[in-house]
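Participant: Sequence:
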Amino acid sequence: MNALLILLSRNTDLNSSITIKKQLSNLVLYMLKEISQNYQSVSLESLAKKTNYNRSYLGTLFKNETGSPFSKALTDQRLLRAYGLLCSSNLSISSIMIQVGISNRTFFYNKFKEKFHLTPNEVRIQMTRKR
Numbered sequence: 001m002n003a004l005l006i007l008l009s010r011n012t013d014l015n016s017s018i019t020i021k022k023q024l025s026n027l028v029l030y031m032l033k034e035i036s037q038n039y040q041s042v043s044l045e046s047l048a049k050k051t052n053y054n055r056s057y058l059g060t061l062f063k064n065e066t067g068s069p070f071s072k073a074l075t076d077q078r079l080l081r082a083y084g085l086l087c088s089s090n091l092s093i094s095s096i097m098i099q100v101g102i103s104n105r106t107f108f109y110n111k112f113k114e115k116f117h118l119t120p121n122e123v124r125i126q127m128t129r130k131r
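Take my numbering: the last position of the sequence shown gets the number 131, and nothing is skipped along the way.
Heads up, some of the hints might be wrong.
[Claimed, not checked] Each pair of labels, with its calculated beta carbon distance range:
#  : residue 1 : residue 2 : range
1  : ILE98     : LYS49     : 22 to 32 Å
2  : THR60     : LYS33     : 15 to 25 Å
3  : LEU29     : GLU114    : 20 to 30 Å
4  : ARG129    : TYR57     : 45 to 55 Å
5  : THR128    : ALA48     : 40 to 50 Å
6  : ALA48     : SER92     : 32 to 42 Å
7  : LEU118    : ASN52     : 37 to 47 Å
8  : THR106    : GLY84     : 16 to 26 Å
9  : ASN52     : THR119    : 38 to 48 Å
10 : PRO69     : ASN26     : 13 to 23 Å
11 : LYS113    : ASN52     : 34 to 44 Å
12 : ARG55     : LYS113    : 36 to 46 Å
To be clear, the hints were calculated from the coordinates, so they are not data collected in a lab. Using N, Cα and C, we set each Cβ at its ideal position, and we do this for glycine too.
Produce the complete structure using the sequences and hints provided.
Facilitator: This is the structure:
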């Protein structure tokens with residue numbers, strides 16, 4: 001469990017994966033909060049409707065202020081949640097994908113391996129051995 005906490009502390013803080021160039025605007029802080037709390041279903045389109053800003057404007061603002069595209073920040077949050085579920089539940093990988101809001105299996109596996117340098121199956125096996 002300590003290894004999990006160390007890995008998550010290195011990789012889970014959404015803000016740590018974003019280079020903060022300056023103080024973030026309230027709008028970008030709101031977008032980060034939405035990514036953190038509603039990662040399953042949030043999108044630039046849904047945020048545009050909620051905030052009455054253009055989708056393109058929000059995407060550009062987010063990238064300019066954080067240094068990271070909205071889509072990457074959202075995917076990172078989803079992958080972090082998936083990692084946590086792999087370690088703390090017996091849910092199938094398919095169920096975890098659905099729960100975190102990722103529907104494309106190939107995309108999920110590729111991004112997961114890119115971020116954690118392990119496949120979801122390898123993470124599950126490692127956690128099973130440590131229990």
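Participant: Taking the hints in turn, state whether each one holds.
Facilitator: Quick rundown of the hints versus the structure:
1. Restraint check, ILE98 to LYS49: a C-beta distance of roughly 24 Å satisfies the suggested window 22 to 32 Å.
2. The beta-carbon spacing between THR60 and LYS33, approximately 19 Å, falls within the hinted interval of 15 to 25 Å.
3. Checked against the given bound of 20 to 30 Å, the beta carbons of LEU29 and GLU114, roughly 27 Å apart, stay inside it.
4. Take ARG129 and TYR57: their Cβ atoms lie about 48 Å apart, and the range 45 to 55 Å holds.
5. About 42 Å separates the C-beta atoms of THR128 and ALA48, a value consistent with the hinted range of 40 to 50 Å.
6. Checking the proposed 32 to 42 Å range against ALA48 and SER92 shows it holds: the Cβ atoms sit about 34 Å from each other.
7. Checking the proposed 37 to 47 Å range against LEU118 and ASN52 shows it holds: the Cβ atoms sit about 42 Å from each other.
8. Restraint check, THR106 to GLY84: a C-beta distance of roughly 22 Å satisfies the suggested window 16 to 26 Å.
9. The hint said 38 to 48 Å for the Cβ distance between ASN52 and THR119, and at roughly 41 Å that hint holds.
10. PRO69 and ASN26 have their C-beta atoms about 20 Å apart, which keeps the hinted 13 to 23 Å range intact.
11. At roughly 39 Å, the beta carbons of LYS113 and ASN52 sit within the given window of 34 to 44 Å.
12. A C-beta distance of roughly 30 Å is found between ARG55 and LYS113, which places it outside the suggested range of 36 to 46 Å.
In this structure, the one hint that does not hold is number 12.
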